Amino acid sequence: MDVSHILAEHASKQQATVVDKEIPLDIDVGLLTVTDLNPVDVESYEANLEEYLMSTARDGAQALINSLWSLPATHSPDGPIAKLPPPITQLPRSKPLPKPKPLTKWEKFANAKGIQHKKRDRKVWDEEKQEWVNRWGWKGANKDKEQQWLTEVPANADIDFDPRKVARDERKAKMAKNERQHQQNLARAQSEKGASSSSSGHGLQSERKKDIDRTLAVTRASTASMGRFDRSLEGEKKLKGVKRKFDPTEVSSSAEKSNNLAILSKLDREPQLKKAKRASEPTEAPSPKKKGDVLNVRKAVRGATKGAAGAALRREVSSGKGKKGRR
Amino acid sequence: MLRTIKPKNARSKRALEAREPKEVEDARSAIFVRGTHTGEKVNGVMKDLMALKRPNAISFSKKNVVRPFEDASSLDFWAQKNDASMFVVGQSTKKRPDGMIFVRMYDYRVLDMCEVGVESWKAMSEFKTAKATPGHKPLLHFASELFDTHPRFQQLKSILMDFFNGEEIESICLTGLEHIISISLGPTPTALTSAPQPMLTLNPQTPSDDTKNLPIAHIRAYTTKLSPSGTKTPVVSLEPMGPSIDLRLRRHADPDAEVLKQAMKRPKVKKQDVESGLGKKKKNMEVDEMGDLRGRIHVARQDLDKLQTRKMKGLKKGNNDEDEDEDEEPEGGDMVVDEDEGPKESRKKSKKRKQRD
Numbered sequence: 281m282d283v284s285h286i287l288a289e290h291a292s293k294q295q296a297t298v299v300d301k302e303i304p305l306d307i308d309v310g311l312l313t314v315t316d317l318n319p320v321d322v323e324s325y326e327a328n329l330e331e332y333l334m335s336t337a338r339d340g341a342q343a344l345i346n347s348l349w350s351l352p353a354t355h356s357p358d359g360p361i362a363k364l365p366p367p368i369t370q371l372p373r374s375k376p377l378p379k380p381k382p383l384t385k386w387e388k389f390a391n392a393k394g395i396q397h398k399k400r401d402r403k404v405w406d407e408e409k410q411e412w413v414n415r416w417g418w419k420g421a422n423k424d425k426e427q428q429w430l431t432e433v434p435a436n437a438d439i440d441f442d443p444r445k446v447a448r449d450e451r452k453a454k455m456a457k458n459e460r461q462h463q464q465n466l467a468r469a470q471s472e473k474g475a476s477s478s479s480s481g482h483g484l485q486s487e488r489k490k491d492i493d494r495t496l497a498v499t500r501a502s503t504a505s506m507g508r509f510d511r512s513l514e515g516e517k518k519l520k521g522v523k524r525k526f527d528p529t530e531v532s533s534s535a536e537k538s539n540n541l542a543i544l545s546k547l548d549r550e551p552q553l554k555k556a557k558r559a560s561e562p563t564e565a566p567s568p569k570k571k572g573d574v575l576n577v578r579k580a581v582r583g584a585t586k587g588a589a590g591a592a593l594r595r596e597v598s599s600g601k602g603k604k605g606r607r
Numbered sequence: 003m004l005r006t007i008k009p010k011n012a013r014s015k016r017a018l019e020a021r022e023p024k025e026v027e028d029a030r031s032a033i034f035v036r037g038t039h040t041g042e043k044v045n046g047v048m049k050d051l052m053a054l055k056r057p058n059a060i061s062f063s064k065k066n067v068v069r070p071f072e073d074a075s076s077l078d079f080w081a082q083k084n085d086a087s088m089f090v091v092g093q094s095t096k097k098r099p100d101g102m103i104f105v106r107m108y109d110y111r112v113l114d115m116c117e118v119g120v121e122s123w124k125a126m127s128e129f130k131t132a133k134a135t136p137g138h139k140p141l142l143h144f145a146s147e148l149f150d151t152h153p154r155f156q157q158l159k160s161i162l163m164d165f166f167n168g169e170e171i172e173s174i175c176l177t178g179l180e181h182i183i184s185i186s187l188g189p190t191p192t193a194l195t196s197a198p199q200p201m202l203t204l205n206p207q208t209p210s211d212d213t214k215n216l217p218i219a220h221i222r223a224y225t226t227k228l229s230p231s232g233t234k235t236p237v238v239s240l241e242p243m244g245p246s247i248d249l250r251l252r253r254h255a256d257p258d259a260e261v262l263k264q265a266m267k268r269p270k271v272k273k274q275d276v277e278s279g280l281g282k283k284k285k286n287m288e289v290d291e292m293g294d295l296r297g298r299i300h301v302a303r304q305d306l307d308k309l310q311t312r313k314m315k316g317l318k319k320g321n322n323d324e325d326e327d328e329d330e331e332p333e334g335g336d337m338v339v340d341e342d343e344g345p346k347e348s349r350k351k352s353k354k355r356k357q358r359d
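These protein sequence lines are chains A and B, in that order.
When we follow our numbering, the leftmost residue of the first sequence carries the number 281, and every step to the right adds one.
When we follow our numbering, the leftmost residue of the second sequence carries the number 3, and every step to the right adds one.
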C-alpha cells in the first residue's frame, strides 16, 4: 500500500499554516501581539505597498493564531476559550498599586491569634416561613422580636414594661456599638498613618512646626538691618521678641542677701577663657584675626601645652609683665 | 485638583470604588480631543481610531486650547474628571500640519507623549468590506526591527499596545478574534542601520531634525478569515477593513525615570495564584498529550523495622528484665553481627547493652 500521497497531502496542508521567517517572530500571546523583526524587503515594498503590508500582516497573524490555538482551551457554547499566559511585554500602569487597607482592631487580634476569617451568610433559614430571610436589614430576622404579635412578659414586670421597646433598644445599642468601633478603627488607622509619615521627619507634627517657626524667626532677623527695613510679605505677622523679665523690686531681705552674695561670688572668679585671651595680647604673638595669617596662635599654644593653655599662660602673666600688658 | 468626594449613597460609592486603583487594571480609556484647529484629515483619523477603540473611548468634539507639550495641566484635570488614562489630541498648525499627540497618563499625570503627523489616510468607510464587531479585541502586528532597537519606535510600540490592547486578560474566546491591526515601518534608512543607537538628546531641536530620517509608519487594519486547514490550527486570510493611516513621528516627551519606575511596579503574585501554577513552575505535575493531568509522587523508603508483624507474647518489648533480654537477643533482629552494616537503631541498642555489661 502506498501512503506517500497521503503524507504529501498532509504535509501540504501543514505548509499553509507554517510561517517560515529568517528571524523567528516574537510573539507575546498574553497581549495578542506579534512583532516581526525581519528587515523590510525594499523591492516588494516599493513595487506594491499594500500587497506587501498585507502579506507580512498575514504571516504575523498566522503565527499568532498558531500559538493561540496551541494553548490549553476549554469548550463553551460560543467556541473554544483559550487560557492566556501572563504578558511578556511590560506596559506602564495607569494608576499606582492599591495600598493595603489598614487592619481593624479585631483583624489584628485575629491575625495574632491565628483566627481564620469565617464569612457569615447574609441569609438565615426561617423555619416558620420555610424560606431564606435576611439576617438584618429589610425584613431582617433580627427584628422578629419587635414585630411578633404576641410577646411573653415576665410575671414580675413593671406596669409600663414594653417588651418591644426593650428588644428594639437592644438592637439599636448593638448598632451604636458597631458604629463606635468603626469610628475608633478609622481614627486608629488615621493616627497610625500620621505616625508612620512623620517618623521619617522630625517626630511629631507640632514639634516640626515649632522648629520651622524658630528657623523663620532667625532668618527674618538675619539681614543687615536685623529685619527692620525688610519688605514684609502679605499676611506676615509682626515678629515678637523675647519679653524681658524683671525681678520684683521688693523681695524679702534673705532673698536679697543671697542674690547679692551670688553676684559677689561671680565677680570673685574671672572666666578662664576671656582671661587667657587678654593675657595673650601683650605677648609678641600676632592676633589670629590678622589677614593673611595662616597660623592660629591660640590653637597652636593650646596644642603645645597639651590643652593646659589657659592655666599656663595665666601663670606666666601673673609672674611677669602681665599687668603692664593689660593696660 | 478636584475636591475629594464623599459618597452619599451606595451607587456613587460603587462608582467611586470602580475608579480606585486595582491590582489588575482595566483597559485604558482614551479621550479624543480636538485642538485649536484640526483639519479634515485629523478629524477623520481620530474618528476611525475611536471606532477601533470604541467602548473605551470618550469624545470631546469641541475645539479646545490644549498644547500638551507646553502645558499639560489641563490634561491632568480631564484625566481625573473622566477617569481616563490616555489622550489623543488632534492639532493642525502651519508648522506641524495634521498632527496627533498620543498622551499616556500615570496617576492622572502625564507620563509620556508622542506626536505623529498624518501623511495619508483612507477612511474605514471607504473600504466596502465587513467590519469587526466593536469591543472585540484586536490582534496586533508590528513589523520592523526598529521596534526593538530604536527608542522612538519602542515608545510608539508601547503606546500603541497600550492604546489598542493594554488590558491583561486571563482567557479569550478564539472565535471572537475578528481583526488584526498591523503597524509596519518603511525601509530602515542606512543611517539607522549603520549606527544602531542614534543619539537621543533632551534638546527639543534635535529630535525634530532627526524625525525627517525616520521611516514612515503604516497602520492597517484587516479582518481575519479563518478557514480549516485539515490540521488543528486554521489557515488565516486577511481582508482590508480600514482605516489605513500613514504616520510620521514628530516631537516626543520621554517619561520621567522616577515616575516610570513607579508605573512599572508589578503586584506581588498572590499565594493562591502561585499554588495554581502562576509565577513558578509546579513540580511533578504535567499535562500529557491527551490533556490528562499526570503527577509523580515520591515515597520515602519504608522502614521495615517499624513494620508491625504478628503479635506474640514472646516478642513483646515491654519486658525489660535482664535475663529475658538475653533470651530475646538471638531471636530479635536487633542483634548486631556486623557493626558497619547494621541499621542505626540496632547500633544504639548494642551500645547500651555494652554499657550495661
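Just so you know, these hints were derived from the structure itself, not from any lab.
A few of these clues could be false.
Stated by the list, open to error - No farther apart than 27 Å at their CA atoms in a straight line, the calculated lysine-lysine pairs in the BS3-like style are these:
#1 A:379 to B:263
#2 A:388 to B:97
#3 A:379 to B:270
#4 B:270 to A:398
#5 A:375 to B:83
#6 A:454 to A:381
#7 A:375 to B:267
Computed from a predicted structure; not experimentally measured.
The hints, checked one at a time:
{"no.": "1", "hint": "A:379 to B:263", "result": "holds (17 Å)"}
{"no.": "2", "hint": "A:388 to B:97", "result": "violated (62 Å)"}
{"no.": "3", "hint": "A:379 to B:270", "result": "holds (12 Å)"}
{"no.": "4", "hint": "B:270 to A:398", "result": "holds (25 Å)"}
{"no.": "5", "hint": "A:375 to B:83", "result": "holds (14 Å)"}
{"no.": "6", "hint": "A:454 to A:381", "result": "holds (25 Å)"}
{"no.": "7", "hint": "A:375 to B:267", "result": "holds (10 Å)"}
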